[in-house]
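These are the residues of each chain, in order.
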Amino acid sequence: MRRYFARKVAIYLLTFFVAVTLNWLIPRFMPGDPVLRMLTRTSVSNPDAIAPMREYYNNVFGLDVPLWRQYLNYWAELLQGNMGISVWLFPAPVTEVILDAVPYTLALLIPSILLSWYAGNKVGALAARRRWLDNTVLPLGYALTATPYMWIAIVLAWSLAIIAGIFPVAGGYSFDLQPSWSLVFFNSLLQHWFLPFLSLFLVAFGGWAIGMRNMIIYELEADYANYLEALGAPRRLIRRYAFRNALLPQLTGLALQLGVLVAGALVTEIVFGYPGLGRLILMAIQNQDFFLLQGAFLFIVIGVLIANFVIDIVYVLVDPRTRTGMTGGAA
Amino acid sequence: MSMLSLERVTKRYRVGAFGGRELTAVRDATFAVKAGEVVSLIGESGSGKTTLGRMVLRLASVSGGHIRFDGTDVSRLKGRKLAGYYKHVQGVFQDPFSTYNPIFKADRVLHTIRPTFFPEVSAAEWRKRIDTALESVRLDPRQVIDKYPHQLSGGQLQRMLIARALLLDIKLLVADEIISMLDASTRIDVLNLLADLKERGLGILFITHDLSLGHYISDRAVILRRGVVVEMGTTDKVFGNPRHPYTRTLLSSVPQMHHKWTRADIARTIDGSCAIHDGGACAGEPQLVEVDDDHLVGCAAH
Amino acid sequence: MSDLARAAGEETAPSAGGEVVSAPAVPLATGPVAAAAPGARRTRDALHFALRNKKVVGGGIVVLAFLALGLIAPLFYDYGHSEYVGPQSSGPSGEYWFGTTTFGQDVFLQFVHGIRSTFLVGLLGGGLAALIGMTIGFVAGYIGGLVDEALNMLTNIVLVLPALAVLIILHTYIGITSVPSQALFIGIFSWPWVARAVRAQTFSLRTRDFVDLARLSGMGSGAIIRREIAPNMSSYLFMTFILLFGGSVLFAATLDFIGLGPTGVMSLGLMMNNAVHWSALQLGLWWWFLPPGLGITAIVGALYIMNVGLDEVFNPKLREM
Amino acid sequence: MSLRVDNLKVYYRTLRGDVKALDGATFTVADGEIMGLAGESGSGKSTLGKSLIRLDTRMRLVEGGVELDGKPLPIGDQDAMNAYRFKAVSLIPQYAMSALNPTRKIGKMISELLGARGVKYSEIKPELERRLDLVGLKREVLNNYPIELSGGMKQRMVLVLSTLLNPSLLIADEVTSALDVSTQRAVAETLVEFRDREFVKSMIVVTHDISLVYQIADTIMVMYAGKLAEKAPADVVVNAPRHPYTQLLISSLPEVGVRYADRKLAGIPGSPPGLLNPPAGCRFRDRCPLAFARCVEEPPFVEVDKNHHVACWKAQ
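Chains as they are written, first to last, in our numbering: chain A, 22 to 352; chain B, 53 to 354; chain C, 4 to 324; chain D, 2 to 317.
No lab work stands behind these hints: they were computed from the structure. In this text, all values refer to a predicted model and were calculated from it rather than measured experimentally. A few of these clues could be false.
[What the hints assert, rightly or not] Where chain C lies over chain B, by a calculated footprint (3+ residues, C-beta under 8 Å):
1) 130 to 138
2) 141 to 151
3) 161 to 168
Just so you know, even glycine gets a beta-carbon here, dropped at the ideal spot from N, CA and C.
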């Protein structure tokens, strides 16, 4: 088991390394002098930004030192938490800007992932045993997974916020409020949170429901299910086993889906003007704020890696085969 | 002069992702197959018998020792020379339905060998040769050509594979459990076919877990246990006067027609004492000892 | 056997019993390569069931209808999708079927052009991802050993790397100008699950005796993969491509929506971007933002439904449910 | 009379019509009898074995009835049959290696299964442990996951579990075919021991290996192409078979001592008929050296000697 985790962690570290390297490499791929090009772009939008940026560039890219040195400098700055200064929100450091936005994104992502996974699996398992439910869940599930995140967000914003007026259209909280630990503010947060959450939830839900339905059908064909049936076990028991066993591939599915879910959260935030990473990325793109963009990218990578690791741990807890298999049981 | 000879052939597997552990599947196997001779390689699952067959066929690499065919070390062969080897040495495997690619017609296996081995032979001529080969394994070409594997019986499929080997300039056939998945009423015919081919000069390495089959067809028998040869010699001696306790256990466990298991069988064999030292226990590395003319038994005392 | 199985399952650690592989977008319940349902009968049966399978036929009709619409409809217009041709912000009418934008552009024309890009990006992006994934999967699964270790490592790294985030960075810096180059980048980052799935399938096929027989016939590794292994997985590979197609479409739409799509090309994602940007929601111009999303959902959804149908066609077990 | 099967017909539904896999079987299995059910692939032996406990979704009960201990067994009714499974009729499946839920500890699975069948685990646990001792399994295996057991251990575990509630009838479906010669013998002898200790009243051992089943069975029933061919005490079937198929089959089996050079055995030419539209009359007649005009009529399965049933005109 230790080997299993060592391997996983090695993959994650390597991935992080690749991500950082990409981050460093991509600007250098651009034709011409990267620093000059960035500075000229920046000077258009925010002249004040030039001096601190030049300083950062000299630290990181310091063109008078060899390439490998530049690369190491980049890592050194990064490990000190220094990702440069945001152009768009000058003179705030990128790290700070991102840390302000991350809670909003997490507040959307974590509940929608967990709830959609839970509800989707439950409903999918139910559908596998009832024909009428299957006939409704299946088409609906496929329609939902085939829906682009931003479109469902648009439809919800238009119907429930603009037309029905039940929810606010945009923002993380009311314009007329200042962040505080008050009930009023919390209520406003919740109202603004609900629609973005719902749109993420709906799309993801469809995928889990279908996945579970299909997995259960396969599990019910497995030898152990056949044997239990031959021994007269009630369907309830067999379904319970099948459900539990089917959860394992669904957990893998969750790991595979993380990137897609994060992508969904980004565009959903954009539709609702929600103050998370997604909107930050959009602003960074529109303001040519490359430091902010790269910072956000690294944060997303770190987040996804951590989430993957958590899933690995849960997996080992749930599946005895990974535990025994790793300690060399006689198979 | 032996056509195929194995000298201290060893196979080690590396297991685990980075080859952390080593597993010896076959250790120091030494025996030979002459032209026109059937040698049975007998063992249970995990004995390494299939691995040995695969090494002879170059489907698995050899970790130690030498496999020589007509004096040439087989493990060095590459490219054209390997193809030349396959012209003389072929294999038939256990599961006929797995040996045929289910999505193609069965007689494809007879055609795919032409471009490699006989590019100079015309397609029309090849078809004639196919008919001859099929007839020599007692298959009616009209019944088996243009059929998919599932439309043929296991016996027909195995015969067709033997016909495929006959199309080549075959000298040695490695037959790995080729009849264990066939129905009882037809398996004996395939076995008889092998025996006929042997009489025409073909050498056969007959791999099986079934002692009665090994006894029926072979001139010499090699008993393999956990990768090690424990007893070998002429079939008469190994079966008629088994000396190693393992061989005896096998013989007493095999279900026989007309003879029921008795308690005595087990009592006689389970004690595990050394056959050569008459009840005494042996210690140390077992070596093969010649106990009789052309009859070797593994014993630790030598 | 246990070691082989474990080696196969280790990286995929998750996998109950049979290796069941799911696409990131849609969990696809395809078990280990459908057990040797033999050739002629299989093809005939497959066709027989495919043509009688409502999901395959229905999904196919929807997809083909959209494809035809995207290919043919733009030919009937003598003005471009971005030209200001009509009244501003007018609802659907006989002349402008899907109404017009706040600038008087023809929404229907934009829509059909968007469909074109959608199919193009799906075809190219999905095709490229399929190509990369299958190549890596076949090679890793067939060759095994250190090659497998290395490819597996690569696969796992690309797999956990959040593709959209990488694409955003790439697109921002490099600047995408055409649909094919957009498809190129999408393809480069969406193959890993295919590689993993194909690898697992190849692993199980590799141990079949017909592969050994092919080696005894003097065939090389490449020939064996192409002529023995791949044909056995054709139905699976086809379904994989469908899923990749859908995934590429959704990916492209997301990028287009953020404003990182190809310049000068109309796409369904860009339509939504424009609609949101120019406050179509607040202005109530529903004909502007509803069709593009509906179009994507219909095309991708139809593909997925078709896939379920194909799964039933190729797997008799599911047929009886 | 423990088991009485009367004119049982079970067909498989396929696209091209019904495959008549089991086409009219009438026989009895006495209390304490181990019956070997032998036949080649497609003979209907597995269909017969399975139909006595659970018809899968493609199988269809066409005709006939089954009585166990004097009471009719509702084999065509999945729900009604459930009450009898495990308790009255039980099964050791061919796939014993994968028969246990991989993600449950074995003991827990057994306890949940028993609980669902209205049996208290705690009450039966002492007996379960005694039986584990008997087959040489440590009691700790109950705390293991199936993956931690070797193939032979899993086989024995399934053996114990299937017979835990002392069923009247046990169906053992090719239980030894995946095993090595030495393990095979141990498992086969365990079956006999379970009968001797009355863990099961009677047993049907489905197999393709007559020489194996001869070692343990009291009677052997031979099937051919969906029909019963012969049923008799094991020694009679092996030493004095009356059906030409049985005779040819047995004479084609090599055994240690027989050598090609000394005595060349012969197989049975031809192959069994397809069961989609099997020919009328005796199904073996195309391959039978004794076939004569009357064989176009179907020979009944009749008692030609005490406890010796044969379906052949020549044997009567």
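Structure-inconsistent hints, enumerated in ascending order: none
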